Every structure is written in C-alpha cells, then in structure tokens.
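If you want the building blocks of each chain, they are given just below.
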Amino acid sequence: MFSRVLALIVKELLALLKDPKSRMVLIGPPLMQLIVFGYAATFDLNQVPFVVYNADTSAASRDLIAHFTGTPTFRLVARVDSLAQIPALIEGRKAVMALAIDARFTRDLLTGQPAPVEVIVDGRNSNTALIALGYANEILSDYAASWASQHGARTPSALVMRARYNPNLESRWFIIPGIIALLAQVVTLLVVALTVAREREAGTFDQLLVTPLRPVDILLGKGIPGLIIGLAEATVILLAAVFWFGVPLRGAVGVFYLGAVVFIIAVIGIGLLISALSATQQQALLGAFLFMVPSIILSGFATPIANMPQAVQWLTLINPLRYFLVVVRSVFLQAASLASLSTEIAAMAAIGCVSLVAATVMFRRRVY
Amino acid sequence: MSIRISRRLRGLVRKEFVQIRRDPSSLAIAFLLPALLLLLFGYGVSLDAYHVRVGVVVTQPTAETASFTSHLQHSPYFAPVALPDIQAAERAIGRREISAILWLREDFTRKLLASGGAPIGVMLDGVDANTARIVEGYLQQTWQTWLAARAAEVGQPVPGATISGALAVTGRVWFNPAVQSRDYLVPGLIAVIMTLTGALLTALVIAREWERGTLEALMVTPVSLREIIVSKLAPYFVLGMGGMAVSVAMAVWLFHVPLRGSFAVLVLAASLFMGAALGMGLLISSVARNQFVAGQIAIIVTFLPAFILSGFIFDIGSMPEPIRLFTYLVAARYFVAILQSVFLAGDVWSVILPNAAALVAMAAIFLGLARLVTRKRLD
Amino acid sequence: MARNPETDAAAIAIEAVVKRFRERGREVPALKALTATVQRGGVTGLIGPDGAGKTTLMRLIAGLLRPDSGRITVLGIDVRSDPLAVQGAIGYMPQRFGLYEDLTVRENLDLYADLHDVDPAERQARYAELLHMTGLAPFTARLAGKLSGGMKQKLGLACTLVRAPALLLLDEPTVGVDPVSRRELWQIIDTLTRTEGMTVLLSTAYLDEAERCRSVLLMHEGTLIGEGDPKQRTETMGGRSFHVDAEGTGRRRLQALLAGAPGVLDAVIQGSHVRIVTRPGATATVEALLPTLPGAQLVAVPPRFEDSFIDLLSEHGTAQAKMAPPPVDPVAAKDEQDEIVVEGLTRRFGDFYAVKDVSFRVRRGEIFGLLGANGAGKSTTFRMLCGLLPPSAGTLRVAGVDLRAAAAAARARIGYMAQRFSLYGDLSVMQNLRFISAAYGLGGQRQRDRISWALAEFELAALADATSRDLPLGYKQRLALAAALMHEPDILFLDEPTSGVDPLARREFWRRINGLAEAGVTVLVTTHFMEEAEYCDRLLIMAQGQVLAEGTSESVKARARSAALPEPTMEDAFIALVQAAIHPEIAA
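Residue numbers (this note's numbering), protein chains in the order written: chain A, 1 to 368; chain B, 1001 to 1379; chain C, 2001 to 2588.
Looking at chain A on its own, in the form it has when it is part of the complex:
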C-alpha cells in the first residue's frame, strides 16, 4: 500500500515544482519576506533625527550634547534658538526628538540643584517614541553618573543592566528565528490547502478518486509533500539565519527539527481541513488567508502575547504558531533542552491530532 502513497507523493512534488504558479508560491513570498523582514522589520533605532535647544552655552551642556551625537542612534539635524521653533520641526517630521537644555543647566549642576533637561518625542509612532525616550534616558543617566564621579560626588545606588541571551538587544535576533516559523507555516499551508482544490479544478481529482487509493492514502499523499516542503523551507531559512544574518544557534538542531515536524504536521491538518472544505483554489486561498493573518498577529511574532487582553490571550492557545515560535527562539538563543519545551511540543501535537482527525472526517464526508 505504501508504494501507492509514495507514487502520490512523488507526483505531488513533481506537480508542485513544475507548475510555475506553485513555484512562485514556494519561492516568491518566502524570499521577499526573508529580505523584507530580515532587513526592514526592526525595532532598533538608528539615526533618529533630533534637534537641540541649548540655552546654556557652557562646556557641561556641550558635553551632554556630545553624549547624544556620539551614538549612532541619534543624528543632530538642527540647533534652534528658541523653544517656539521646536513644535514646527517635530510636527513636520523633520525631527523625532528634541532636547531642550535650560539656561540654568550648568549653574544648577554646580550648585547641586537638579539641572533641568527636557526630552520631547514625537508620539505619532509611540513605539519609536518609547524606545527613543529609553535611549535618551540611558544617555542622560550615563552623563549624570560620569559627571558625578568626575566631581567627586557619589551615587547612592547604581543600576547594572545586562541582557541575557541577546546582550546587544538586537531585534534581528528576535525577528529572524520567528521568520522560520512564519514561513514554514505560510508555505506548508498554501501547498496543502490548495492541493485538492487545484485537482478539483483540473478535473484530475475524480481520476484520483476512482483509483483504489483510500481517502487516508490520498490524505497522506497530500500531506507528506507539505511536510517535505515545509521542512526544506525551514532548513533554508535556518541556514540563512545562521550564516547570512549571523543569529547564534545555541541549542540542539535535533530539538528544533522535532518541534518543526510536530508543528508542520499541525499546520498540515489545518491545511487539509481548508482543502476539504473548499471547492475552488479561490476559496482555498481565502481560507488560508483567513487563518494565516490572525494566526500571525496572535502568535507573538511581532508583539508579545502578554500585552494582549486576557480573552485574546486565551484565543492564542489554539494557535500552533505561538508554540513553535517559542521553540524556535528558545533553541536559537536560550539553548533550550527538549524537556523545557515539552509543554509546547505537546500542545502542538494535540492541535495536530485534532486538526488531522477533523480533516479526515471532513474529507471522507466530501469525497464519499
């Protein structure tokens, strides 16, 4: 019996790779997304344009400004003579941040009064605003600490920050392992969801059904190519992540692949379900899209699940991508062991079982 399924798998892979349309689905979007996400989708800030209003012309205030211009994060675009000029610059998006140093700055600093500094950020993009503000705070603390130590003063406390797993807090280390999960899902889902509809449209599905292949054989023959292609895609991006983008792979590759297999099987179940329910490729595409968009947004791929409202957080529990993202990121950055990821893998396996059983039932009902 397995030779028949094998023949179906070979046929499926041949059809996928020879059809220019399917090839486009397999190669176009993943490549595009890898480049775009790899390079463009970053929360790290660079060259943030800022303006300075410095009413205090002393060495101390110039030193403070030099602290800002000395980092690649900020780029000084203008010095203004009055506070009234700032709103126009920020409103007009010439600058994202303004640093205003009061005329009393040096005097207060020397007399021990709190020296006033104002940091204004453009909140139209609140994420950029928060991060910029964070950077500015850090620079200001540094400045104050170094000023204090130079002037023999002592600080009662010191905040010693270190980041574990990602010492420079590069968002690329966070995003790129996520892309592996994301693209494995997109490609597997498209391959599997469209496969039956494509045969239905071409009229070959009847041909398939009149052979002695059982529905289970057909499901296997349709699902396994998805697994092969999904794993191949994941491998390609994994290599790109390590060798091109330089993301450290600290954990065991075996754990990654175990997670990937379980995850892709769960996605295949969902894809087959969509496939069984749709009569045309159009419907299948729509179905895949309707599953994919919420599953990406509610997966923790870009924004943490912990920030979502409680009800939405519960909803994410049935999303396999959520678990696989944890597996990928932990294996990459935390060198996580299989034991520490058992909950995630078990959850994906459960989702896979449910979706595969549902797909089989729907498939039998639809094809007799």
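Since the hints were derived computationally from the structure, they do not count as laboratory data.
As the structure is a prediction and not an experimental result, all values here were calculated from the model.
It is possible that part of the hints are untrue.
[Said to hold, decoys possible] As a list, the in silico SDA-like pairs of lysine to any residue whose alpha-carbon atoms are at most 20 Å apart:
(1) K94(A) - V1013(B)
(2) K94(A) - R1208(B)
(3) K1376(B) - L2084(C)
(4) K2146(C) - R1208(B)
(5) K2146(C) - K1111(B)
(6) K18(A) - P30(A)
(7) K1111(B) - S149(A)
(8) K1376(B) - D2078(C)
(9) K1376(B) - R2071(C)
(10) K2356(C) - L2388(C)
(11) K2146(C) - S1318(B)
(12) K1111(B) - A158(A)
(13) K1376(B) - K2356(C)
[Claimed, not checked] Some residues of chain C that are not near chain B, with every Cβ distance over 10 Å (derived):
(14) Q2087
(15) Q2095
(16) G2176
(17) G2248
(18) T2285
(19) Q2447
(20) A2456
(21) G2520
(22) Q2579
Ideal Cβ placement from N, Cα and C applies to all residues, glycine included.
Go by the hints and put chains B and C onto chain A.
For chains B and C alone, kept in the frame of chain A given last:
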C-alpha cells in the same frame, strides 16, 4: 458625442454596481475585512507592556530593600515576583516565566547607606529584544523615581550627590502622551486596509472578467478602452472610500483614537491614495489574467510593502539605505505619514503637502502606466 | 481609405494573414498565410478540427488580435486601422460567451444595449423580438448563471444581437450543447439570415452542421484546405459510400475487417450496418473489399459532408498515420454475465431529484451508451457508477461488487477516463503513466511492461518526456485512455471521450474501444455526438432524471419513425423522444 459615451459608461458602471451588490465576496473584502483587521490589530497588537513579570531576588531583606520592592510593586509597569535565590530566578527566566531579574545583593543596604553605588543587578530576557528595551526604559524610569522619592525622604546630605539631583529630566511624548500604541497603529492600518480594497479587489475583479471570458465579449463592442477603465475605477473607488469610512468610524468611536485634523484633509488624501492603489490594481490585472496569480502579485507588491515598508509599524528611518530608498516607491508610505499626522497631530501642512504631492505623482504614474499597458486586444 | 471594389463586395476579405503565438519561449504558428473571402448573406461555416486556428481567425476578424502580417477587411473597413469601427458594425459571440452570471437575463441585455448605444425607445421592440426568438421571455428576471447551457448560449446570442449587426461572428456556438438546444440555435440563425439578411460566419467542429451552411471554409493546421458550397463538395463523393452487412459476423468485427481493407478510406458503425467510404478509384465490390467474407452485402447510400472532409484530410496525409491495426484476438462468444447492475438508482439534492429510480444492466463485453440533454441526470448517474457520488437509494453492482460496500475493491477493476482528458498537465507523459499505474498498485516488472505497452500501443514513445499540457488534444485523449487501461480493467467508464477531437482521432479512438469490447471489456460511455450513439450496442436515453428509452440504436430510432420521418437519424430520434417527454402536448 458626449451623450454617446455617457450611455455606455453608465451601462458599465451600473453593471459593476449590480455585480458588487450580488457578489458578497467583494462587499466582504471592502467592509468586513477592514473591520476584522481593525479588531484584530486594535485588540491583538499592542506594544505597550503593562504588568511585566519581573523576578526579584533579595539576598538580605532590610527596610531599604523593602522600599525599593514596594516602589516596584506600585508601578503599573511591573508585577514583581519574589524569588528565594538567583538559581531559582535563572530557572524562571529560562522557562520564560519572568522577563527580567532584579537582584539586590547582601551589600545593597550597606552601600546605599554608606559609600553609595549600591548595585541593583538587572538581567533582562533578551529573546524579545523589543520588549526588553521597553522594560529597560521602564526600569530606568522607575529606579529614578525611587531615587528621587528617597532623596526627598531622607533629605540631601551632599548637594549633587544623587543622579536625580544632578539632572531633572522631563520626558514628554507629544501627540500621544499616554503612549498608546493603538493610537498610532490604527491610523496606519487604514492605509493597509485601503491598499487591500483598492489594489487587491480591483486586480481580482478584472482578472475574474478575463477568466470568465466576459472581457472578450466586452471588447468587441464599440466601447472604448477609456470607458472600460473608468467603469472599473469608479465603483471600486466608491467601495474603497466606503471601507475607509468604516475604518475611520471604528478608529474614532471604538478605539477612541483622537482625530485632531480635519475630515476634509483625510478624505482628500484618501482619494489620492485610492487613485494610486486602483492604478496598481489595474496594472496587476493587465499582467495577470487569472485571479490566482493576480491575488499573489497583489499581496506581494502592494499588501506586504504597505504593511512593512510604509512606516506603519517599523521606523523607516532605521532601515538600511537600499530599503529606505525603496520605500519611496511605496505609495502607502506617504499616506501613512498623512494619516498619523491628521489623526494625532492635526492639519500639519508641512507633512500633508509634500506627501500629498507624492501621492498625486504616484497616482498619475500608476494610472498612466495602467492605461499604457492595457490594450483593447487579446495579445 | 482606398476602397477596393472587389473586397467591398465580400463581407470579409482575408489576405495572406499570418499569426504566431509565443508559448513557453517557442513560436507556435496559428495561421500560415491564410487567404479567404466570406460572401455577403447566408451562413458561412468555418470548419476544422480542434487546433486548426478557427478561434484565432475569428479574433483577428473581430480586431481582438493583430495579424503578424497580411490584411483583413471587414465590410469594407480595414480591421488593423480602425478596429472600433469594425466592432461597431459586427456582432461577435466568443466560444465561451462572457455572460455576467450574476446579472439577470434582462440586465445582461440592458448592458449590451447600452454598450451598443441602442436608443431606449427602440429597445422594447427589439427585446421582445429577441426573447421570443430565443424562448427566453419567461426567464427575464432569472440570473444568467442559473440558466442551462443551451439557454446561456441563446442569451449570449441575444446579447450580440441587441443592435442587429450586418455581420455576425459565432465561434463554436453549439459546442457542449445538447442536440435539442443545438437545433433551436440553428433555427434562430436561419431566421436571422432569412429575415434580417444578416451575414453569419460560424465555426464548428460538428461536420453535420456544415451541411446547413451556404458555403464552407475548411481549415486544417492554420491553412485553408478547401472552400465552397458544402452540397457540391458532398456530391463529388457520389458513388463511394456504402452500407455493408454480413450475416453471422459481428458488426465490430466487420468494421475492423473493412477498416483494414486497402480500398476503404473510412469505415464506421451505423446501427446494425457498417458504413464505408471507398478510396477514389477503388473497386466497390464485396470480392475486392472483403475477400474472406463472400456472403457480405454492399448497398450504395447517399454521401454526406463528413465523407468529403475525411477524403480531404486523407489527402493531407493525416488520415493514414492514425490507422490502428484491427483487433487481433476477438472473444468468440459473448458472456451473458451482467457486469453492471443498476436497480432503482436515485440521487436527491435537497428536494430535487437529479436521478430518479433508474434501472439497467450491462453485459460483459458490451458497449453501453448513456445519452441525455444537458441536465438530464446522465452525469450524476455516471458519477454514481464510478463511485464518485453516493446514491440516495437503490443498488449498484459493478463487476459483481456492491459499490457501497467495497468501493476500493470495485475501483481496482474499473478504468476511468474523465471529461476533458484530465491529466496532470505539469507532468510528462511518462510521469503520468508511472503515477497512475502505481496508484492502481502496479509495481516492478508488471509496471514497466504496462508502461512500455502503453507507449507502443498509443504511439506515445516519442513524446514520453513531453509535458502533457503541451500535447495536441488528440494525444491527450490517447494518453487519457492509456492511463485508464494501465491496470487492464474489466470495465471502462468513458465520459464524453471524444468531445473536441477531430473526426479522424475520433475514428481511431472508437477502433480501439471496439477492440477492447471484442476482448471482453465492458464499456460505458456518455456522449453528445448522436452519431457515436450508433457505435453502442445498447443505449439509455435520460431526461429529467429518468429513463426515457433503452435498447439498441435501431430500436430507439424505430420509436421515432413516422410518416413525416421515415428514416429518422439518431439525432431526430433523440430530439423526438426528449421533446415528447418534456412537452407531451407538442408531441401529441
């Protein structure tokens, strides 16, 4: 002559509306999808971290350490979890149960009271770098307010001895003082949604006519190419603007995003953007004559860039140079700039005018190209 | 524009037109320096097998394509320089007329009236006329998508006629339309040419339709191979057509013998006879043609247009190559065992009975035809027989196995050839065969043997690595049949196996099927070609989900015999039976 043209055009436009009315899928793409996406994003996507779980390890509890932990407790940003020792904390961070560890060692109280420089060790979970940065900022802020509060309590023994004594930093976030990410995500999302209705819907609808052979039948009638194009643009322009109205209404009344600029500017900018989006849709459908390919291309060249390269979520200024240059080709970029300003800042003409001019140019280029490549022939 | 008096007189003048298409990097010639004229008035038929270039020519005339070289003048206007003027003057109905399926009949008419700028004042009268002519008057508020295939074609025609054009181009208007609707469409076309003096250019693959045309243009592989009055062409074939009968020799055996005879150009089964066309100059006697069967009888019959077409194609060297050898090893006696047993078969979709209480039996080695108008329930019946659709009630035994109980076991003995020769277009011929044979559980030496058998038997060896999507239709059909026969099934299901292929490929196909039947394979076939119904041993005609008639083609034809129609054709019989069932009052 003008009467002759208008009858054909009227007939075509009427047909298009009848089809839209009967085909629930285009209405769904125009109205349901925007609502769905807005709900998803409005509720699902938030970059604001509240109640971040941090593990606190206090090796030698004193009144001083209690003052710090209770300060942490009262911050809306943190939900501190007391842990017995650093090993337990490390296990917890490994299991992703906490996002950061704060460690007050046995010398904390002594140094705080005597020599100064009492260390608070912070270990951030760097896996989610973005969240880590935000947590880092919150910690800085909380720590500074704690120091200030402490300074006020115990009085200043030595002037300029504390950091809060050295600098009085006032951070201000304009236009969005509460730093709600929803307030900037929702306006940007409108651009993404209109790309979807404008380009994707138009591309699909024309590809469908190719697929079903209806365009071939149309082409042998004396109808001119201009009439065919206009009859496709007008209804989907209306539909796209309808989708925008739904989105704006949801933004203002459901998500309470402030609309500080004028509605007229919003409508005008949306019309310009719609022109560019429809032009792209038309262009795509003349390249791809079946819905599957048209849908693929539309998603890759319009939807994804609108999402990622428009400055809607990710800061364009921080992207590498080649990609930053490429974003100038993304019409959504200009529209997102206008939307975020009109919603949160008001009618800032120095933002609106250049971006609107860019949109005019984009619309002219795309519509012109579409007109150029569309032929009233099959080959 | 300089007007040429000679081309002005003609409705269409085509001068040395060349058109090539680029396909996957290759240049494919569609028209090779074609020159032809279409006179004003009457119906001109554009006849040719699939792929001859008929649709390309139609599109060139309508200004939808631009010729690579050459010139087309329509009603005195040069198409290249002023396509809009041509499009304003003609009506064109593409093969799949683009009706807006989500618009009603009335809305479709309104749209085309707007597009053709028909004055609203004139519309009512014109609509009434068109709706009456097409019989669509009761359905004006119905969505076009909900009309039957024949009604859609008629609505498409009505839409192109909203403003009576001087010239009407119809691209295969009768393809996929059942005989009843086909006859109605022709009545409309006749009315138009007679009463409105319209010129009609109509392309078709049905050769019997050519006989209704005033003149024909015969196309083959992008060139014009003949033109003129179809009656004259038919007459030139006089004295070469015969019915052959032989007592004691089965008609299929007889046909196989005749097809192999050197003096015979064409031999097809017609009812109980075999109809032959002799080669020019061949001696038409029993002794010369059938030396082994001296008892056979030869009766001269009037020629038909198809004979001249076969003759013409054979001159172009295509007929010879496709001759297959006659079946070698016929099974002497037919088994009386019933291979297919259908009793009380019923299929409901909600309240609607697609098939209601259908019963019939098919014996081993029999060719059994399933006929019916569009929507008569034959496809539903067929799908249930193949196990693609569960029946709502009734029993279904195929190859002695209850299909409901052991579908997989039954399927292993069934060969299935789907409509449109559904193959995996991206796979090569070899890959298709390999996959299908493996799906039927063939492996190892047996699989290799069967694949080399298929490649040899169907002359596919040279094309083994060709992508099957790019195959000519005739080869696709061969591949589909080869695929259905990989596992040597006992029962063969054929769903419209010859639609769209040219008459020569059709003959070759039937020769193979006859050979299989002789070897004991049971064949169940659906078809729209009434002529092919004659090839079947027995027929079942369905209407509205029920059995209308069952029996041999002779007995079915006998039921339609009347004073007005002493010698009804299969088509006459079919139409009479269907109309009697649907409108009993008309038949009475």
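Could you work out which earlier hints the structure fails to respect and list their numbers in ascending sequence? 1, 2, 5, 11, 13, 14, 15
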